[in-house]
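J.: Each chain, letter by letter, is given below.
2 protein chains.
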Amino acid sequence: MGKGSRTRQAILKRASTLASRVGLEALSIGRLAEELDLSKSGLFAHFQSKEALAVQVIEFASGAFVEQVVKPGLAAPRGEPRVRALFERWLQWSRAGSGKGGCVFVSLAAELDDRPGPTRDRLARAQREWLGVLAGCFEVGIAEGHFRKDAEPAQFAQDVYGIYLSLHHARRLLDDPKAEARARSAFEALLAAAGPAKRRRRRPEAR
Amino acid sequence: MGKGSRTRQAILKRASTLASRVGLEALSIGRLAEELDLSKSGLFAHFQSKEALAVQVIEFASGAFVEQVVKPGLAAPRGEPRVRALFERWLQWSRAGSGKGGCVFVSLAAELDDRPGPTRDRLARAQREWLGVLAGCFEVGIAEGHFRKDAEPAQFAQDVYGIYLSLHHARRLLDDPKAEARARSAFEALLAAAGPAKRRRRRPEAR
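So the sequences go chain by chain: A and B. The first sequence begins at 1 in the numbering used here and counts up one residue at a time. The second sequence begins at 1 in the numbering used here and counts up one residue at a time.
With the rest of the complex left out, here is chain A (with noise of 0.2 Å):
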């Protein structure tokens, strides 16, 4: 990586915790300059106007998220133990945005969601190939006999993103400590529900 490339890489770092915090309209190349120190019109020169920073803003975004997230919890074995280890690294990455902001992608969802463009667009591809991993690996769960044949992967996306949400609203606007514990616990109901008949029905004895 060259010296003009860590550079870009360390202004879309700041930039995506600062989005995350003020939102991307109020993250003005203006305020990142001043964030960074740096003159103006070398921000400009990088990303030339506030749309273009707020698309490579998600991307550098999403890159991490892969790095950090999706290839760690793909390395997991296929099925159930999969599915697990995507939940238990999108928790670790929601934990390590909740000191700067939360988690960028939660934060840009609400302020992104009415205002149509390149950014929206960018946004709503991110969000959606994410859901689509979290499907497609419970998917192969139910390939291999760890789900039920008749459970729906994307019923199943829609909720596991709604554990996630919601875990983040009770953490960050409500301060309640036991939001991430009821988050595990609604994970555990949701594979529980999820998995074969045989071995849903034996979970009240075992309890």
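Note that these hints are calculated values from the structure, not bench results. Any given hint might turn out to be false.
The list cannot tell twin chains apart, which means a pair is met if one copy fits it or any two copies do.
Derived DSS-like pairs: lysine-lysine, alpha-carbon spacing no greater than 30 Å straight-line [stated by the list, open to error]:
id, residue 1, residue 2
1, K149, K178
2, K3, K50
3, K149, K71
4, K3, K178
5, K71, K40
6, K100, K149
7, K3, K13
8, K178, K71
9, K149, K13
10, K50, K178
11, K50, K100
12, K3, K149
13, K40, K100
14, K40, K178
15, K71, K100
16, K13, K71
17, K50, K149
18, K3, K71
Based on these hints, arrange chain B on the given structure of chain A.
T.: Quick look at chain B alone, frame taken from chain A:
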């Protein structure tokens, strides 16, 4: 209601819709005056400061939520029917907002979670009250024998919140036409899992 009070309500209604679209940070008194074609000084007379306006926007939205969701929901028979009625009204609230910036509470939660101050406190209080209503009605359902004795009301509330947030995300950011159907399925699964053991164990055969 006097003329001054009606004007104030009309301003707050518009401000609440605008806040759910652009956020409270971007909701300046100047911008609101422009949207409403009122003088900036007139608006200042009503709200004094941007922060006072923000707090009152949340109070206004909370009042509307109580009228449209909480009160009619609580009118249903205690226990499971009441929990269902609250969820149904909540879905209506979500749909009603969906052409106009979405649920104002979801938008503001993501914006305010890391902005300490009276506005965030007011929002957090409103959200805790609503989660408390959900948990309280669920608890009555346990007493009525509609739900398991060992089910946890606070867990239920966080879980239902997740279903709602994920619906908002899938519908508004991802334009997923199945979002609401999946939210309903998730809610049914949650109630089924919370049901008394006898009913739960009978479920696989009943399918």
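J.: Each hint needs a verdict: does it hold in this structure or not?
T.: Evaluated hints:
For a Cα distance limit of 30 Å, the shortest separation of K149 from K178 across copies, 20 Å, qualifies, whereas the shortest one inside one copy, 33 Å, does not. In this homomeric assembly, K3 and K50 come within 30 Å of each other (Cα to Cα) only inside a single copy, at 23 Å, whereas the closest approach across copies is 43 Å. Only within a single protomer do K149 and K71 lie at most 30 Å apart by alpha-carbon distance; the minimum there is 26 Å, versus 41 Å between protomers. In this assembly of identical chains, K3 and K178 lie within 30 Å of each other by CA distance neither inside one copy nor across copies; the values are 44 Å within and 47 Å between.
For the identical chains of this complex, K71 and K40 are neighbours neither inside a copy (36 Å) nor across copies (53 Å), given an alpha-carbon limit of 30 Å. In the homo-oligomer, the alpha carbons of K100 and K149 never lie at most 30 Å apart, since the shortest distance is 41 Å inside one protomer and 39 Å across protomers. Proximity of K3 to K13 under the C-alpha cut-off of 30 Å is restricted to the intra-copy arrangement: shortest distance 15 Å within a copy versus 51 Å between copies. Taking the shortest Cα distances, K178 and K71 sit within 30 Å of each other both inside one copy (28 Å) and across copies (29 Å).
For the homomeric pair K149 and K13, neither the shortest alpha-carbon distance inside one copy (42 Å) nor that between copies (48 Å) is at most 30 Å. When the C-alpha separation of K50 and K178 is checked against a cutoff of 30 Å, the pair qualifies neither within a copy, at 39 Å, nor between copies, at 33 Å. Taking the shortest alpha-carbon separations for K50 and K100, both the intra-copy value of 22 Å and the inter-copy value of 25 Å come in at or below 30 Å. For the identical chains of this complex, K3 and K149 are neighbours neither inside a copy (52 Å) nor across copies (62 Å), given an alpha-carbon limit of 30 Å.
With identical chains, the CA atoms of K40 and K100 are at most 30 Å apart within one copy only, with a shortest distance of 24 Å there and 35 Å across copies. Taking identical chains as interchangeable, the C-alpha atoms of K40 and K178 are never at most 30 Å apart, the minima being 43 Å within one chain and 44 Å between chains. Only within a single protomer do K71 and K100 lie at most 30 Å apart by alpha-carbon distance; the minimum there is 23 Å, versus 38 Å between protomers. For the identical chains of this complex, K13 and K71 are intra-copy neighbours only, at 19 Å inside a copy versus 46 Å across copies, given an alpha-carbon limit of 30 Å.
Taking the shortest alpha-carbon separations for K50 and K149, neither the intra-copy value of 47 Å nor the inter-copy value of 54 Å comes in at or below 30 Å. Proximity of K3 to K71 under the C-alpha cut-off of 30 Å is restricted to the intra-copy arrangement: shortest distance 27 Å within a copy versus 61 Å between copies.
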